[in-house]
Structure formats: C-alpha cells, structure tokens
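K.L.:
So the chains spell out like this:
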Amino acid sequence: MLEQGNIHLPEGSIEKQTTTLNLGPTHPATHGVFQNILEMDGERIIKADSTVGYIHRAFEKLAERRPLNQITTLTDRLNYCSAPLNNMGWHLTCEKLLGVKTPKRVDYLRVIIMELSRISDHLICNSIVGVDTGAYTGFLYVMQYRELVYEIYEEVCGSRLTTNMGRIGGFERNFSDVAFQKIEKFLEEFPKVWKEFENLFNRNRIFIERTVGTGAISAERALNYGFTGPNLRAAGVDYDVRVHSPYSSYEDFDFIIPVGTTGDNNDRFQVRNEEIWQSLSIIRQAYQKVQAFKGTEADVYHADAPEYYLPAKADVYTKMEALIYHFKIVMGETEIPAGEVYQSIEGGNGELGFYLISDGGRTPYRLHFRRPCFIYYQAYSEIVKDTMLSDAIVTLSSLNLIAGEMDA
Amino acid sequence: MSLTHETIKETLVAQFGDKILGWEESYGMLSFTIQHDHNLKALTFLNDHPAMGFQFLTDLTGVHYPDRKGEEIAVVYHLHNLKENVRLRMKLYVPIEKPDVYTATGLFSGANWMERETYDFYGVNFVGHPDLRRVLNVDEMDYFPLRKEFPLEDQTRIDKDDEMFGR
Numbered sequence: 004m005l006e007q008g009n010i011h012l013p014e015g016s017i018e019k020q021t022t023t024l025n026l027g028p029t030h031p032a033t034h035g036v037f038q039n040i041l042e043m044d045g046e047r048i049i050k051a052d053s054t055v056g057y058i059h060r061a062f063e064k065l066a067e068r069r070p071l072n073q074i075t076t077l078t079d080r081l082n083y084c085s086a087p088l089n090n091m092g093w094h095l096t097c098e099k100l101l102g103v104k105t106p107k108r109v110d111y112l113r114v115i116i117m118e119l120s121r122i123s124d125h126l127i128c129n130s131i132v133g134v135d136t137g138a139y140t141g142f143l144y145v146m147q148y149r150e151l152v153y154e155i156y157e158e159v160c161g162s163r164l165t166t167n168m169g170r171i172g173g174f175e176r177n178f179s180d181v182a183f184q185k186i187e188k189f190l191e192e193f194p195k196v197w198k199e200f201e202n203l204f205n206r207n208r209i210f211i212e213r214t215v216g217t218g219a220i221s222a223e224r225a226l227n228y229g230f231t232g233p234n235l236r237a238a239g240v241d242y243d244v245r246v247h248s249p250y251s252s253y254e255d256f257d258f259i260i261p262v263g264t265t266g267d268n269n270d271r272f273q274v275r276n277e278e279i280w281q282s283l284s285i286i287r288q289a290y291q292k293v294q295a296f297k298g299t300e301a302d303v304y305h306a307d308a309p310e311y312y313l314p315a316k317a318d319v320y321t322k323m324e325a326l327i328y329h330f331k332i333v334m335g336e337t338e339i340p341a342g343e344v345y346q347s348i349e350g351g352n353g354e355l356g357f358y359l360i361s362d363g364g365r366t367p368y369r370l371h372f373r374r375p376c377f378i379y380y381q382a383y384s385e386i387v388k389d390t391m392l393s394d395a396i397v398t399l400s401s402l403n404l405i406a407g408e409m410d411a
Numbered sequence: 007m008s009l010t011h012e013t014i015k016e017t018l019v020a021q022f023g024d025k026i027l028g029w030e031e032s033y034g035m036l037s038f039t040i041q042h043d044h045n046l047k048a049l050t051f052l053n054d055h056p057a058m059g060f061q062f063l064t065d066l067t068g069v070h071y072p073d074r075k076g077e078e079i080a081v082v083y084h085l086h087n088l089k090e091n092v093r094l095r096m097k098l099y100v101p102i103e104k105p106d107v108y109t110a111t112g113l114f115s116g117a118n119w120m121e122r123e124t125y126d127f128y129g130v131n132f133v134g135h136p137d138l139r140r141v142l143n144v145d146e147m148d149y150f151p152l153r154k155e156f157p158l159e160d161q162t163r164i165d166k167d168d169e170m171f172g173r
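In order, the protein sequences belong to chains R and G. Numbering-wise (my numbering), the first sequence opens with residue 4 and increments by one. Numbering-wise (my numbering), the second sequence opens with residue 7 and increments by one.
Bear in mind the hints are in silico, worked out from the structure with no lab data behind them. Worth double-checking, as some hints may not be accurate.
Pairs of lysine-lysine, DSS-like flavour, derived with a Cα cap of 30 Å [as the list claims (entries may be wrong)]:
#	chain 1	residue 1	chain 2	residue 2
1	R	K331	R	K104
2	G	K15	G	K25
3	R	K331	R	K297
4	G	K154	G	K25
5	G	K15	R	K64
6	G	K15	G	K47
7	G	K97	R	K99
8	R	K331	G	K154
9	R	K50	R	K107
10	R	K188	R	K297
11	R	K188	R	K107
12	R	K195	R	K292
13	R	K198	R	K292
14	R	K64	G	K97
15	G	K154	R	K99
16	R	K64	G	K154
17	R	K185	R	K104
18	R	K388	R	K107
19	G	K154	G	K89
20	G	K25	G	K104
21	R	K99	R	K64
22	G	K89	R	K99
23	G	K75	G	K47
24	G	K97	G	K15
25	G	K89	G	K104
26	R	K331	R	K316
27	G	K104	R	K104
28	G	K154	G	K97
29	G	K75	R	K64
30	G	K15	R	K99
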C-alpha cells in the first residue's frame, strides 16, 4: 500500500493511471469531422480509437435511384477540396461503361482541370500542415491562388466549390478566353508564390523538427493498409494511377512520380510539394496542346454522344432528335447498357475508384466509391500509437483526410 | 507485362478446379466467382503464389441481388498486382439467411474497415474479424440499409402533402 497523507492506494496505481481524451468530432485542430478517443499517458498516446461516419449521407444508396448525370453532384461532395477530379473520374467511369470515346482536345482540357484541382488539393493540405505546426502565414498567403483556381472553375462551369463540372462526353461549354487568360495568369504567378512558400518551410527549423520522423509508416505497412496516392509514394512506392493505368490521355504527358523514403510527415509534405511542380508542368504541356488545335478543331469540347450529352438549346427548338434526347436526358429516361465497370483515377489523396454495376435500367444497380482516405485512415491509430498528441495532430492533417470523402 | 489473363486462369483452375464457379471479362478486367467458403484460400493463394502476386487489396464491397435465391448477397474483391499492373476481381455469393464469409483482415490490414462497411450496409458476417461493428451508420441501427428491400422514396408519389416543398 502506498501512503499519501490519508489516501490509501494500491501499489503502482499512480504510475499506471491513464486519461481518456476525446479528440473531436468537431475540434478546431482536426480540420473536419474526425473523432478519436485517445487513451493518454500524459501527453503520450497509448491507444487511439477512430470513429467515422458523422457526416455519412448515403451516397451509394442515393445513386441507385439517380440517372448517371445526376450522380455527378454526389461526387462533388466526396473530396470537396478537389471536386472536379471526382467529377471527371465519374464521367470517365460512365464513358467506359457507355463506350463513349472522347476527342483529344476534351482529354487535354480535362487534364488541365484535373491538375489544377490536384494543385488546389495539395495546396490546402500542405498549408494546413503548416498551420498545425504553427505557421499560419503560408496558409493565408497561398489561399489567394486557390481563389484563382476557383475563379477558373467558375469561368468553366459556373460554380466554385461543388463544381458539378463537365458532362458525360466532355464539357458543357467551351473554355472562354477569360478562362485561358486566368490559366495563363495562374501558370505565371503561382510558381513564384509556391517557391516562396517552399523556402519558408524547407528552411524552417521548427517545421523540420516537428515533421521529420513523426507519423511515419513503412512501405510494407502502407501497402498492407491499402494506402494510395501521395501517402503511399511518401513511403517509397511509385504507384500512380496516371502512369499505371492512364486515362484521359495522360500517356501523352511527360512527368515524374516523386517518391519519399521514410513515409513520415515531412516526406508526405515534400511529395505533395513536388507533385505541385509536376502538375504545373503537366498543365503547361496540356495548355500548349490545347492551343495547337486550330480552326474547327478548337471548337471541339465534347464527344459525339447524343444519347447522353445534352444537346444545344438552339437544336432542341429546331430538331426533333435533339428535342427527344433533351427530354430523355433531363427526365433520366435513358437506358444504360448492362455491365460491370471499375474505373479509377488518381484523386487528390489517392486512388479514387468507381465500381459501377448496371443491369440495363436507367439508374445504376449498384455504385461503390473506393474512397482512398476511408481506407488509409484505419492506419491512423497504428501510426499515432506511442507518439505525442501534438504530433498526432500534424499526422492527421498531413494524411490529407477529408471527412466528406471518408463518410460518403 | 508477362502476367496475362490466361496465365491467371490456368493457375487458378489448376489450384481450385471446380471451386471456381465462373469466369468473366468485363471492360478489360478479369473476374471470377469462387465458392463462398474458399475466399480466404483463394486470397492467400493469389497473395503468396510467386507468379500471381496480388498483394494489394484495392476494394471490397457487397451487392444485393434479391432475385438470386440462395445466393442473394455478393461480396466483391478488387485485387491489384502492382508489379505487373494487373487487376483482378473476385466474387462470391452467400445466402442472405447465413451470410458468413471468412475475413481477409489477416492478409490485409486495410480489409478491416472495408469489411466493417460491408457488414454495416449488407449484414455480411465476416467470420474471424477482430472488431465487426458498424462503421458509418449509428450503432443502434437494426437493419442493413443498402439491401434492396429498402427502396428510396418514389419521387413521383402523390399521397404525401408537404406545404413547404409542394408535391
């Protein structure tokens, strides 16, 4: 028995006492609806139990009643930091099922949009890692370029965050001159700003000491956990869907896959940084390719798929077929061919897959989203075990977890 | 790319014979159906066999086919050989009264939540799973919402009068 004044405690009980700490679901440091029930020994985490599902909206069930073009709005709300990527992934899935072949110009325009949204996704993630290590300035500084990216979205499709961009077969309208001017502006100004941002962090002792060696996962464990995207590449595996199974003419572009070695927070940060540079290079290449189309070729912005692509309004008023297709598409009365298709794209935080089963009806029989961060978030409790609480916060943000995608 | 669909087919047939119930190739992906109690054997074989090397579990999900009597629930695995860059789909069907499937958590740590999700929505009982709880829905829920007997509301119904939103 241990004597402490008049309190009698069993031997060793003071040393073994742990605290249960409820981190989240709405904690300012978790950047989203994440709950972790932590068992703490002082500031050291002994056990973390992650709870998900706080913003589950049953997208897979909803999709079973919707025609294909109405599902695009659901995909917006998965990873809302890079909504156009999800939209394009969904359109590619539909096109694979329906056998729609998109023209090269559409592919290149899509590549521009997809890489822009990858940049905006990585930009948020990396600047949030900065915020969690105490560097707020970088976050505010680069935010104006996310704003510019959103202005480009706005110019292309009319909305900013949940974009619902494009259609099956292409885009709803051609890119305007303003859109191209804004892309040019972005390509010219953003690299300088991002270079400054990088210098601010890569030569910052506090940042390096906070991130190097924390939140590490080995390549073997990462693969076993189903990691994809920058988090897997940071651990040293060069798997990138854009290279392994090219879609939207990614094979026409020249870029490298950056990989890390240790899979810690700093590696994830560096991999994302480098991917931003690669994305910029891809956008430049795609922009040049798009500019090379002249004459009538420069007006191509969608595939010839009248059954699925909403006809121009002028045609609806004057042509019978266009009127029929207009009504069939708007009312969701187009029968889709039966089949099973899996299509994946390199999303902002990993392999975003769509598994679509159609039984020949008007809506999918079953649609499953392979949401990368739902799959790799399970590793969180293993990664943060026996680390400090403050490091766990940085790990949470450097994994680029998006609650909307996780909970679908 | 040396691993072709034919090689996979031959190797699997040689190992499992009539336990494989069907082959299919849809949109470039090879797919096979295996007897439901052989899923773990097949996954382990595909994982360990040097020529197969399907060591990455991309996706795991369920499907409900109410019309297929005796095999209403399908469990679908998407496997990936990252070295050869070949994808493979494995399916199995279980009766809805007894949806027991062996867990893959021993092979893939990532299967944990994917199986919990499949249990959550379809009620598939993954035998041997370390922590088979609901993951996205509330714990108190007593049904499996993605099964087809729970239809979404018919958008054309007229019996419901809503002052705010018409209808």
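K.L.:
Are the Cα atoms of K154 (chain G) and K97 (chain G) separated by 30 Å or less?
P.N.:
Status holds; Cα separation ~19 Å.
K.L.:
For the pair supplied as a hint, K154 (chain G) and K89 (chain G), is the alpha-carbon distance within the 30 Å limit?
P.N.:
Given that 30 Å is the threshold and the Cα spacing comes to 38 Å, the pair is violated.
K.L.:
When you check the alpha-carbon spacing of K97 (chain G) and K15 (chain G), does it fall within 30 Å?
P.N.:
Within the cut-off at roughly 15 Å; holds.
K.L.:
Does the alpha-carbon distance linking K188 (chain R) and K107 (chain R) stay inside the 30 Å limit?
P.N.:
It holds: about 24 Å lies between the C-alpha atoms, which stays within 30 Å.
K.L.:
Checking one constraint from the list: CA of K188 (chain R) to CA of K297 (chain R), max 30 Å. Satisfied?
P.N.:
holds, 22 Å
K.L.:
Holds or violated: K64 (chain R) with K97 (chain G), Cα cutoff 30 Å?
P.N.:
holds, 21 Å
K.L.:
Is K154 (chain G) within 30 Å of K25 (chain G), Cα to Cα?
P.N.:
Roughly 28 Å separates the two Cα atoms, so the pair holds.
K.L.:
Given the hint that K185 (chain R) pairs with K104 (chain R), does the C-alpha gap stay at or below 30 Å?
P.N.:
holds, 29 Å
K.L.:
Are the Cα atoms of K15 (chain G) and K25 (chain G) separated by 30 Å or less?
P.N.:
Status holds; Cα separation ~13 Å.
K.L.:
For K89 (chain G) and K104 (chain G), compute the direct alpha-carbon distance and say whether it is at most 30 Å.
P.N.:
violated, 37 Å
K.L.:
For a C-alpha distance cap of 30 Å, please report whether K75 (chain G) and K47 (chain G) respect it.
P.N.:
Holds, because 25 Å separates the two Cα atoms, which is no more than 30 Å.
K.L.:
Does K154 (chain G) lie within 30 Å of K64 (chain R) when you go C-alpha to C-alpha?
P.N.:
holds, 9 Å
Against the hints set out earlier in the document, violations occur for numbers 3, 5, 9, 18, 19, 25, 27.
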